[in-house]
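A.B. asks: Each chain, written out:
Protein chains: 2
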Amino acid sequence: MASSISTFTTRLSEAARIVEAGLQALLSDKAAPGELARPSRLMDAMRYAVLGGGKRLRPFLTIEAARLMGVEGEGPLRAGCAVELLHCYSLVHDDLPSMDDDDLRRGRPTVHRAYDEATAILVGDALQTLAFEVLADPATSSDPAVRSGLVLGLARASGLGGMVGGQLLDLSAEGRYGPAELGEAEVRLLQMMKTGAILSFSVEAGAILGQADAAARRSLVEYGRALGAAFQVADDILDREATPEALGKRTGKDREKGKATLVDLLGLDGAKRECRQLVEKADAALAGFGDKAQILREAVRFVVEREV
Amino acid sequence: MASSISTFTTRLSEAARIVEAGLQALLSDKAAPGELARPSRLMDAMRYAVLGGGKRLRPFLTIEAARLMGVEGEGPLRAGCAVELLHCYSLVHDDLPSMDDDDLRRGRPTVHRAYDEATAILVGDALQTLAFEVLADPATSSDPAVRSGLVLGLARASGLGGMVGGQLLDLSAEGRYGPAELGEAEVRLLQMMKTGAILSFSVEAGAILGQADAAARRSLVEYGRALGAAFQVADDILDREATPEALGKRTGKDREKGKATLVDLLGLDGAKRECRQLVEKADAALAGFGDKAQILREAVRFVVEREV
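Protein sequences appear in the order of chains R and A. Take the first sequence: its letter number 91 is residue 1191 in the working numbering, and every next letter is one higher. Take the second sequence: its letter number 220 is residue 1320 in the working numbering, and every next letter is one higher.
In case anyone wonders, no lab produced these hints; they're calculated from the structure. The C-beta atom is built at its ideal place from N, Cα and C for all residues, glycine as well. Keep in mind that a hint or two might mislead.
Taking CB as the label site, the calculated pair distances span [unchecked claim]: (1) Lys1353/A - Gly1153/R: 30 to 40 Å; (2) Arg1276/A - Arg1373/R: 48 to 58 Å; (3) Lys1392/A - Gly1134/R: 26 to 36 Å; (4) Arg1206/R - Glu1274/A: 29 to 39 Å; (5) Gly1170/R - Lys1130/A: 46 to 56 Å; (6) Pro1133/A - Glu1356/R: 45 to 55 Å; (7) Lys1353/A - Ala1315/R: 36 to 46 Å; (8) Glu1114/A - Ala1387/R: 52 to 62 Å; (9) Arg1206/R - Arg1276/A: 22 to 32 Å.
Far from chain R, by Cβ distances over 10 Å, these chain A residues were calculated [said to hold, decoys possible]: (10) Glu1114; (11) Gly1122; (12) Arg1138; (13) Leu1151; (14) Gly1173; (15) Asp1203; (16) Arg1213; (17) Glu1217; (18) Asp1237; (19) Gly1259; (20) Met1293; (21) Gln1311; (22) Glu1374; (23) Arg1376; (24) Asp1391; (25) Glu1407.
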């Protein structure tokens, strides 16, 4: 095998570094072409929501999947930043009092706590818009078919049939819209929509940027789906086993709210076994790429073994 | 002149009819390709937010501007629906308790009143996403440069440097983030961002769909800006003169909150004079198009003379 764990962690932190710089540039106070002004309170709060935290796993996946397809540089970086902006918008809105009502995120006050609720809603709205703006900008790709393909993919993964729909199902699972006792199939659908779709798109974006053929694209989508599912099972395990101090946010929330997780449905051992199976599935999807895909193989292991 | 007021109202109501049908189709319960499921509570609330109301002025402008550029049918209809979805998202979020705290919209309970706050936030989020998805879909144009141009234009008009930025300035103008006494230039900037940018883009979208040359596009953008400004002055006049019953929402809100409007700054007569000047400016921008642009000339008159 061409790679090693230390190569992996170097690449992950290198990606986090350039993504941080890319996000900083996108969120500067200077108005971009076609913009009338950038209100300073909004920009402050957007930077607060986005900068200085997170593993930047999603952009890392986009950058590495694009590299596997032979594309490096500005395009994958910008597409990765767009996925991260979209992810950050979802965190800001999910934390709101009427949603999950969280006070802490990454160990700091959530946006509506640090600013106010109206600002947090607008921050989320503007981050979503900016994600699509970044993808549609010619700086992301000189090929407009690539740009509109990226927009379409992110929209499908994040909208009513993806992430936002999953969040609605998640709120329903608390029983707030009538009795809700979720079975295994429903928990899996909810998780696939709420977190899996965007993780899977993070990988697929690399295939779009690389104008991969249908077979390569299908393989990357399969890999992305396995990784997304593994991420969520690992998340359920962490929520059961980790301390709030280690995670920088509350744990055991799902149990408090009576929401079934895969740990409830499969048991802790069953959930860990499923994680291992998903790693194998991800490996199988990458089989055709050989050694070049070693970083992505390590990424799925990182996802299931992470401690935060 | 080739057209008449009765032609105008016929075209406006015909556009409203096909837009309503288009929006209905986009908001059906049936999952689209790439979507995992469409949660029924979310779809119900999205339809509640979007269907059965409004003059559909923005899609009308897109359809008529595209027709002027020689493009008719599915493309302009879909682009118009996208702008309307974006507009509806902004209404749902602006009405939220932490924002303008409105109970009524078009004479009916607002979305967070009819459903709940979490659902209203998600409805707005998903409507924004759907707007970009519709534009990026090949059904809107077979030319990917047109699709990504539409996405980029809508994003710039609606994001942090456009509509969302304008809403943040509007909240600031209430004095909630420190003392705020807005002068004329600031009120104009706020209005241009909050409502002008999207109205102007509604027209520009027609130029993008028609792949207009630079001069024609510039003329349509100028027309759209004048129309957007006229819309807002007329809105300020209506807010001062109309009854809540006629408007289907509260009036005099800006004064209650101590926000300066153009009527405060220019006086009622001054505001009405400005409306007339903006109509002339819009006419001047359309001069090069001759009789074919008659519907757009009537549109700006409709905007300043409307009663709701």
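A.B. asks: Which of the numbered hints above does this structure break?
C.D. replies: 5, 6, 7, 12, 17, 18, 19 and 20
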